[in-house]
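Following the hints, put chains B and C in place on chain A, whose structure we already have.
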Amino acid sequence: MPRHTPCSPRFAPLALGVALAGLSASPLASAQESDITIPVVIKATTASYWQAVFDGAHQAADRLGIQIEELGPANETEVARQIAIMENLISRQPSAIVLAPVSNDAMAGPVESATDAGIPVVIIDSGVDTDRYASLIATDNFAAGQRAGHALAECMERTGGEPAGQVAYLRTNPNGESLVSRDNGFLDAIGEYPEIEVVDNRVANNDTAKAMNDTLDLLNRYPDLKGIFADNQLMGDGAGTAFAEQGAEDVCLVAFDSSELEVDFLRQGIIDSLVVQDPYMMGYTGVWFAYAASQGVALPTSVDTGVHVATTESVDEPDFTGLLDPKQRQLTPYLAPSATAAGDD
Amino acid sequence: MAAHDANLSLGRRMKAPAATRTRHLRKWGLPVETLVLGLTLALWIVMALTTSTFLTANNVVNILRQVSIDSIIAFGVLFPILIRGIDLSVGSVVALSGVVCASLLTAGVPIPLAIGLTLLLGVAIGSLNAFSVYRLGIPAFIITLAGLQAFRGGAFLVSDGTSVFGLPKALSTFARAEWLGIPSLFWSMLIIGLVLHFILSRTRTGRYMLAMGSNHESARRAGINIKRIVFFAYIISSVTACIAGMLLMSRMSIGSPTAGVAYELNAIAAAVVGGASLFGGRGSVLGTFIGALLFATIANAANLLGIDSFWQMVATGVLIAAVVYVDNLHKRRQSGVK
Amino acid sequence: MSLLEVRDLKKRFGAVEVLCGVDLTLEAGEVLAVVGDNGAGKSTLIKHISGVYRRDGGDISLGGEAVSFDSPKEARRAGIETVYQDLALADELSVGANIFLGREPTRRWLGLLPVIDRGRIQQETQRLIDSIESHIPDGATTVAGLSGGQRQAVAIARALYWDAKVVILDEPTAALAVMERENVIKLSRMLAAKGVGVIYIGHNLVEILEVADRIAVMYRGRIVHVTRSEETTQEELIKYMTGYSERRESAA
Numbered sequence: 001m002p003r004h005t006p007c008s009p010r011f012a013p014l015a016l017g018v019a020l021a022g023l024s025a026s027p028l029a030s031a032q033e034s035d036i037t038i039p040v041v042i043k044a045t046t047a048s049y050w051q052a053v054f055d056g057a058h059q060a061a062d063r064l065g066i067q068i069e070e071l072g073p074a075n076e077t078e079v080a081r082q083i084a085i086m087e088n089l090i091s092r093q094p095s096a097i098v099l100a101p102v103s104n105d106a107m108a109g110p111v112e113s114a115t116d117a118g119i120p121v122v123i124i125d126s127g128v129d130t131d132r133y134a135s136l137i138a139t140d141n142f143a144a145g146q147r148a149g150h151a152l153a154e155c156m157e158r159t160g161g162e163p164a165g166q167v168a169y170l171r172t173n174p175n176g177e178s179l180v181s182r183d184n185g186f187l188d189a190i191g192e193y194p195e196i197e198v199v200d201n202r203v204a205n206n207d208t209a210k211a212m213n214d215t216l217d218l219l220n221r222y223p224d225l226k227g228i229f230a231d232n233q234l235m236g237d238g239a240g241t242a243f244a245e246q247g248a249e250d251v252c253l254v255a256f257d258s259s260e261l262e263v264d265f266l267r268q269g270i271i272d273s274l275v276v277q278d279p280y281m282m283g284y285t286g287v288w289f290a291y292a293a294s295q296g297v298a299l300p301t302s303v304d305t306g307v308h309v310a311t312t313e314s315v316d317e318p319d320f321t322g323l324l325d326p327k328q329r330q331l332t333p334y335l336a337p338s339a340t341a342a343g344d345d
Numbered sequence: 001m002a003a004h005d006a007n008l009s010l011g012r013r014m015k016a017p018a019a020t021r022t023r024h025l026r027k028w029g030l031p032v033e034t035l036v037l038g039l040t041l042a043l044w045i046v047m048a049l050t051t052s053t054f055l056t057a058n059n060v061v062n063i064l065r066q067v068s069i070d071s072i073i074a075f076g077v078l079f080p081i082l083i084r085g086i087d088l089s090v091g092s093v094v095a096l097s098g099v100v101c102a103s104l105l106t107a108g109v110p111i112p113l114a115i116g117l118t119l120l121l122g123v124a125i126g127s128l129n130a131f132s133v134y135r136l137g138i139p140a141f142i143i144t145l146a147g148l149q150a151f152r153g154g155a156f157l158v159s160d161g162t163s164v165f166g167l168p169k170a171l172s173t174f175a176r177a178e179w180l181g182i183p184s185l186f187w188s189m190l191i192i193g194l195v196l197h198f199i200l201s202r203t204r205t206g207r208y209m210l211a212m213g214s215n216h217e218s219a220r221r222a223g224i225n226i227k228r229i230v231f232f233a234y235i236i237s238s239v240t241a242c243i244a245g246m247l248l249m250s251r252m253s254i255g256s257p258t259a260g261v262a263y264e265l266n267a268i269a270a271a272v273v274g275g276a277s278l279f280g281g282r283g284s285v286l287g288t289f290i291g292a293l294l295f296a297t298i299a300n301a302a303n304l305l306g307i308d309s310f311w312q313m314v315a316t317g318v319l320i321a322a323v324v325y326v327d328n329l330h331k332r333r334q335s336g337v338k
Numbered sequence: 001m002s003l004l005e006v007r008d009l010k011k012r013f014g015a016v017e018v019l020c021g022v023d024l025t026l027e028a029g030e031v032l033a034v035v036g037d038n039g040a041g042k043s044t045l046i047k048h049i050s051g052v053y054r055r056d057g058g059d060i061s062l063g064g065e066a067v068s069f070d071s072p073k074e075a076r077r078a079g080i081e082t083v084y085q086d087l088a089l090a091d092e093l094s095v096g097a098n099i100f101l102g103r104e105p106t107r108r109w110l111g112l113l114p115v116i117d118r119g120r121i122q123q124e125t126q127r128l129i130d131s132i133e134s135h136i137p138d139g140a141t142t143v144a145g146l147s148g149g150q151r152q153a154v155a156i157a158r159a160l161y162w163d164a165k166v167v168i169l170d171e172p173t174a175a176l177a178v179m180e181r182e183n184v185i186k187l188s189r190m191l192a193a194k195g196v197g198v199i200y201i202g203h204n205l206v207e208i209l210e211v212a213d214r215i216a217v218m219y220r221g222r223i224v225h226v227t228r229s230e231e232t233t234q235e236e237l238i239k240y241m242t243g244y245s246e247r248r249e250s251a252a
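Sequences listed follow chains A, B and C, in order.
For what it's worth, my numbering labels the leading residue of the first sequence as 1, then goes sequentially.
For what it's worth, my numbering labels the leading residue of the second sequence as 1, then goes sequentially.
For what it's worth, my numbering labels the leading residue of the third sequence as 1, then goes sequentially.
If you're looking for bench data, these hints aren't it; they were derived computationally from the structure.
Just so you know, not all the hints are guaranteed correct.
[Said to hold, decoys possible] Keeping only pairs whose Cα atoms sit at most 20 Å apart, straight-line, the calculated EDC-like set for lysine to aspartate or glutamate is:
| id | chain 1 | residue 1 | chain 2 | residue 2 |
| --- | --- | --- | --- | --- |
| 1 | C | Lys194 | C | Glu182 |
| 2 | C | Lys47 | C | Glu27 |
| 3 | B | Lys227 | C | Asp70 |
| 4 | C | Lys186 | C | Asp130 |
| 5 | B | Lys169 | A | Glu260 |
| 6 | A | Lys327 | B | Asp160 |
| 7 | B | Lys227 | C | Glu104 |
| 8 | C | Lys47 | C | Glu17 |
| 9 | C | Lys47 | B | Glu217 |
The following block holds chain A by itself, in its conformation from the complex (with noise of 0.2 Å):
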């Protein structure tokens, strides 16, 4: 049976929730101790996303009275940049390091050199191939893409009055390990409707152009189709722009994260739904990760930061509005240590 998980962000996950809400109780927060500067190693400095963690992360720095180091290659497939990196900070000896790992292979080695040198390193947004770091906090491309199949499967019993009919859905690259994680959790979900056929998935290679060609020709080929999933941003911004073109209406549409473009079609109802991240509780969290590892606390070793999903009707939400667009992200009751836990399920 459909499980009718909670859409509003006001739930963050659990895990999140406890683990914050045990280092508010500690007295680790209110210490003030001004010379202790913790590294942020992100993924591309050139991206918006990132940006969007290393504001976390000075919130984060800002609340424990400490200093943060931005740093990171410019650009995702600058293994060796960011390995030197880690290098150079090993031999400055921090008190702890966050890192947004660039290849879970290449950066287990310097991860696991740092741990040897008796540095804590907190690993956001992406695994490693090691266990040999403090904690891991990331979302949890399963259970995110399970969200995006539950809101495809509402936003259908919305339009058509029962969720079936035919899906199909737009994937970004088969390689990327998220990626796969997420398709497979939209399939998941997607199973629990035994109404909904899922008809065919396209390859559009990250490219919004070939999304949209994609999209055209599906809706082409599809005349009874009910519902497309697009499982990232350049992804949704390409089937979004096709659905505009073409004027599909009656069909869901689904996508991820939140480009400005995206949640323009969010608000004229072109996408339904878009389930979005939150790269700015990555830094934030693991700024305060690192400190609490610094100061020897005990943490847990995997974090899921969690995925919210924004509708039509609460795009203009207050509580959206710094998940859509991270520039604007401030940290809102409802994800301060003291908010009140409540179960994904």
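Same frame as chain A, now just chains B and C:
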């Protein structure tokens, strides 16, 4: 006939019918292009007969839209190829021009000025490529590969890593407009294609490009201004990429720094399948269009038939190899075995 | 007055003196062969005449007027055409396009844009092909489809069409089959018969003796011997080419 005494050197009589066929194709003036056009038409006929969705007004308009931007980029890339160069930077230039134009527009710059400035950017990039190739002697492959990286980086820097959003209405509706039932994008492609075809087949500049690609030394000795031709070829390539970038921007209603990834390869493939030689001196605008049309048809057909995306990639790759192989056979017969 | 006169031409590349005072005259309507071993300076000499190199010393005059070319283009404009060893034809272009390369006649398209006058090129090419009886089937054929001899004919036709006063043939038969050599020799004589001064660079002495009116022998940057071809033999030419005569003189 004396012209074909070269065929005698094949040494094998059994080749004779092939040579005759080749001659027949040559009479049409478009040897490989004829083959590729035949393939494309065959695909259209098969699709029209086997699916109810292919030969609908909606789908044909979709194909025309899809082929337009790809063709424009391929037309541009053809010119460096003709002079035995290459331009790998066009995909990134598509992204850069899109975000630059979009940024100018969202900053309130009037539309004609924003378009003009973006075209100037194309001239500048083309000049930079040509200068590096002609004056600094950097191989075109290397300098435009560097451009592929650098201009993509530039696109990210200009846009701060995100899509530039909020274009004036006139621009975002342009790409959706149709005149006489034909999409505006297709009209744009037609105009650019005709202009470039005219330059290539009718003007001295076009002929000098073919001459230079065919035999650099002979072109130099004939007193051709090589520098001018090199600049011309690379500027055409970058400027058409900028036009394509702006059209793509208009179609997506955003300037996206991630647009156009790997488009340079699609464009080169379209030109080559359309009869261009990577060794220079040979190629046509019409052939390039037919090449691009074949690829767009394959992509559309794969989607309509629900063929796995991966098989579509494999099929496209096999097709490129097969067409180039057949073309080489043809050339060997034409010039005798060497 | 000779058509072309070279006086005391000197050229050095760094420390190497390649031409040490070359004297040469060429009359209109004659074929003058220049022979010599590799490195004797034949190529360097003709590259001065065709404007590729600039001389360090000496004079060149054409039709009695001193000339100094800065580029091959200037030399061509003055009437000196060079048919290079590698033929320098654009394979992918037609015979006509090659003959007119760099000097295409144009007309105004719609009274505005200058476009290549393809009709005229086609016409003139056909006329030219017929006049040299070279068995090139059609001016619209691409050069890639031609045999070596036919290509040589195209290159020579190009020189002929542009009313060259001096035509330099740089080893025109080097890459040809025996049968095709005859044709090139015929074409060279035809050029001379039309009043062109032909400089013929070659290695094959049998061929040289057949084609040339006069023969100049180069040895180590000098012209050591000039003779009418009917007054010499292969053996004598070889003696001069190998420096045998010089050694004998210096020994004496």
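Problem - Non-conforming hints, listed in increasing numerical order - result: Of the numbered hints given earlier, the structure breaks none, since each of them holds.
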